[in-house]
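Chains as they are written, first to last, in my numbering: chain A, 1 to 216; chain B, 217 to 433; chain C, 434 to 744.
Hints should not be assumed to be uniformly reliable.
Said to hold, decoys possible - Chain B side only, calculated, beta carbon under 8 Å to chain A, not exhaustive:
id	residue
1	Leu284
2	Pro285
3	Thr286
4	Gly288
5	Met291
6	Thr295
7	Thr374
8	Leu388
9	Tyr397
10	Val400
11	Ala404
12	Val407
13	Val412
14	Ile425
15	Gly429
Claimed, not checked - Chain A residues, not near chain C, derived (Cβ > 12 Å throughout):
id	residue
16	Ile20
17	Leu79
18	Ala106
19	Thr116
20	Gly165
21	Gly171
22	Val199
23	Pro207
None of these hints come from the bench; they were simulated from the model.
Quick reminder that beta carbons are idealized off the backbone N, C-alpha and C, glycines included.
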Amino acid sequence: MTTYLSNNWDTVLAALEQHIWLALLPVVIGFVVALPIGYLGVRFPWLYHPLVNVCGVLYSIPSLALFVFLPVLLGTKILSPLNIVVALIIYTVALLARTVADGLKAVDPLVVQSATAMGYRRFRRLTDVELPVALPVILAGLRVATVANISLVSVGALIGVGGLGQLFTRGFQLFYVEPIIVGIVLSVLLAGLADLVIVLLGRLITPWTRFQGAAS
Amino acid sequence: MNLSYLLDPSHWDFSDGSIPTLIVSHLWYVLLSLVIGTAIALPIGLWIGHTGRGSFLAINAGNAGRSLPTLGLLMLMVTLLGLGLTPVLIALTVLVIPPVLTSAYAGIRNLDHRVVDAAKGVGMRPWQVLTKVELPMALPVLMSGFRSAALQVVATATVAAAVGLNGLGRLLIDGLAVNDYSRVLAGAIVVAVLAVLLDLVLAQVQRWIVSPGLSKR
Amino acid sequence: MVRTRLAVALISTLALTALTACGANSDPLSNDNKGSGSSNSPSSVTVGSANFAESELLAEIYSQALEAKGVQVKRQFNIGARELYLKALQDGSIDLLPEYNGALLSALAKGGAPEGVSKPDDVLAALKKVLPAGTEVLDQSAAEDKDTLTVTQATATKYNLKTIDDLKPVANKLSMGAGPEWQERYQGLKGLKSLYGVEFKTFKPLDAGGPLTVNALIKGQIDVGNIFSTDSSISTNKLVVLDDPRNLFLAENILPLIRTQADNPTVSGALDAVSAKLTTENLTTYLAKVQVDKQDTKVVAKAFLTDNGLA
Chain A
1 MTTYLSNNWD TVLAALEQHI WLALLPVVIG FVVALPIGYL GVRFPWLYHP
51 LVNVCGVLYS IPSLALFVFL PVLLGTKILS PLNIVVALII YTVALLARTV
101 ADGLKAVDPL VVQSATAMGY RRFRRLTDVE LPVALPVILA GLRVATVANI
151 SLVSVGALIG VGGLGQLFTR GFQLFYVEPI IVGIVLSVLL AGLADLVIVL
201 LGRLITPWTR FQGAAS
Chain B
217 MNLSYLLDPS HWDFSDGSIP TLIVSHLWYV LLSLVIGTAI ALPIGLWIGH
267 TGRGSFLAIN AGNAGRSLPT LGLLMLMVTL LGLGLTPVLI ALTVLVIPPV
317 LTSAYAGIRN LDHRVVDAAK GVGMRPWQVL TKVELPMALP VLMSGFRSAA
367 LQVVATATVA AAVGLNGLGR LLIDGLAVND YSRVLAGAIV VAVLAVLLDL
417 VLAQVQRWIV SPGLSKR
Chain C
434 MVRTRLAVAL ISTLALTALT ACGANSDPLS NDNKGSGSSN SPSSVTVGSA
484 NFAESELLAE IYSQALEAKG VQVKRQFNIG ARELYLKALQ DGSIDLLPEY
534 NGALLSALAK GGAPEGVSKP DDVLAALKKV LPAGTEVLDQ SAAEDKDTLT
584 VTQATATKYN LKTIDDLKPV ANKLSMGAGP EWQERYQGLK GLKSLYGVEF
634 KTFKPLDAGG PLTVNALIKG QIDVGNIFST DSSISTNKLV VLDDPRNLFL
684 AENILPLIRT QADNPTVSGA LDAVSAKLTT ENLTTYLAKV QVDKQDTKVV
734 AKAFLTDNGL A
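So here's chain A without its partners, still in its complex pose (with noise of 0.2 Å):
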């Protein structure tokens, strides 16, 4: 293992950063997207349901299809990491929007009608008091779609763009489980850290939930 380390250092080292930006710029930008689709799906309490729907159909087609496909809907590149973003972008969108849907919905209505009383507008209770609320869920499905997309970054390799599954691949075609076990590791490590950044991102930024301990 060390031997195939120190010896494949730059590939290695190269396709963990071609997996960070594939992985987690689709992560960035599916939250942005999500965030305003989910909002319609409560705004709109009849676009719930088709929201869940269409996000659950999204979400089942193989992503394999979805990087194929891409370069002919886009126009872009066969080789383009483009492909693999947008795809993850939807991938992400389709997981998010949903839970930012369902995290809206749970807030207590007592609390929306106290901040209407106080005096709150629609977008400002929104921005205010209802997502503040709501960023636990949110923050847990945000959990979720980042590490689901760390691990499907790596089916892009079947199709030459993978980050660490072109560690699969090569191993794979060698029968040689190094590369295809230190790419394990990595994509697992990876996950784990992002997974950690968000706990410690949502813990500063919803520091009242750590004051509520078993009442959730």
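The hints should help you fit chains B and C onto chain A, whose structure is shown.
Chains B and C only, in chain A's frame:
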């Protein structure tokens, strides 16, 4: 880009490699991994939820399991074990375990503890508390975990074709290898439709097995 | 409730279909975007490779040879089968990659390679006539790596197999394994049927002469495998390569396929020097370092260039 492959009737007979046979093999992988994964995860999740021991494991199993890249795991297993069904089932089962385990745990853990106390108070033994109170009441949460596991396995079982097995991934991998996009499209559509249909079936199952007192319908 | 869900599901599926249909005019199968990708500056060259070990080793050798001449190289290896990487070459995602003259000819020529063409020079001449616009090939090397039909010693003895012709009477009892693209290529099942009259009982889509095929063959999960002639697993496992008396598999000399835009005297000079030194024997030796000794491709490529005075 067209639907010709999907709509060609000759791809819908029961010959080798036709869409129906691929659906059957695909569902077979899905079914096996769901059964094995649930058989492993459900008892552990229920036990953790019931006793409260090992909660840390239950909470983190979810994200840890999700972070294992299926393709890597599958290629590792094929490299170690050779070609066959076993490596595919291992990789897919690993997908099933976290959501089922976590939801079984969460379903029981989040029950109103007064209900459990009441059950103990009327003289139920721990086993009875688990099977007659906790499990039925945890079913809605448990089923949602199971359904998300099923959805994910249906989409992911396509990787089986990357290591020479069948399933609907055949359409994706072969279509890609021979540059036949209409075949890839057929694969994607059939997988998505299959996932939706399976979810509908499971939603109906959930309606049957969840006690009417809980579903508030 | 069920009905709305079903309706939504159907609508979403239709929407997906409609969405994909929108791209109809940009059908990836029609190669009408001639050299549209010119994002790479002339000093930087993107080298690609197919998804098997030898292609990657050759691509690495090309890359290092170019770097030794001061050319900036980007590596985009392990892309996939020919059908996929040719498209990557045409859309400018990659600039060059190692190819095999015969296989490339069969893939490009309508209806497969012309009859009677099987010798290296004839193949090259025929190939040059059918290259996609905007691409060219450089000098070909003496190194050959052919598709083969290979069986285990036990199978060869049992059915008394020496050539592909011998398969004809027994093929209906045998299973065959190769990359999925073999189902469609002339130099695959189609050619075997029309040229040799060989039709196998079953075909298992595995990989292009890779570990799946080799292992399936050794473990008896397939009877006949498509393995490349330079593969070290043939000698390691005492496999029997069946002769190809009717030349279904053409000459397969290795040569660089390059986008015309990326070609210049420095690039072609560096690559021609590599091709001049490359032989079947030394390729097999260096490939074994990757396949058997599990050495890193980069190290092996460097050793090849140093040993041959190219870097």
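Verification of the supplied hints:
no., hint, result
1, Leu284, "6 Å, holds"
2, Pro285, "4 Å, holds"
3, Thr286, "7 Å, holds"
4, Gly288, "4 Å, holds"
5, Met291, "4 Å, holds"
6, Thr295, "5 Å, holds"
7, Thr374, "4 Å, holds"
8, Leu388, "5 Å, holds"
9, Tyr397, "7 Å, holds"
10, Val400, "5 Å, holds"
11, Ala404, "4 Å, holds"
12, Val407, "5 Å, holds"
13, Val412, "6 Å, holds"
14, Ile425, "21 Å, violated"
15, Gly429, "22 Å, violated"
16, Ile20, "19 Å, holds"
17, Leu79, "4 Å, violated"
18, Ala106, "21 Å, holds"
19, Thr116, "31 Å, holds"
20, Gly165, "10 Å, violated"
21, Gly171, "10 Å, violated"
22, Val199, "33 Å, holds"
23, Pro207, "40 Å, holds"
Of the numbered hints stated above, those contradicted by the structure are hints 14, 15, 17, 20 and 21, listed in ascending order.
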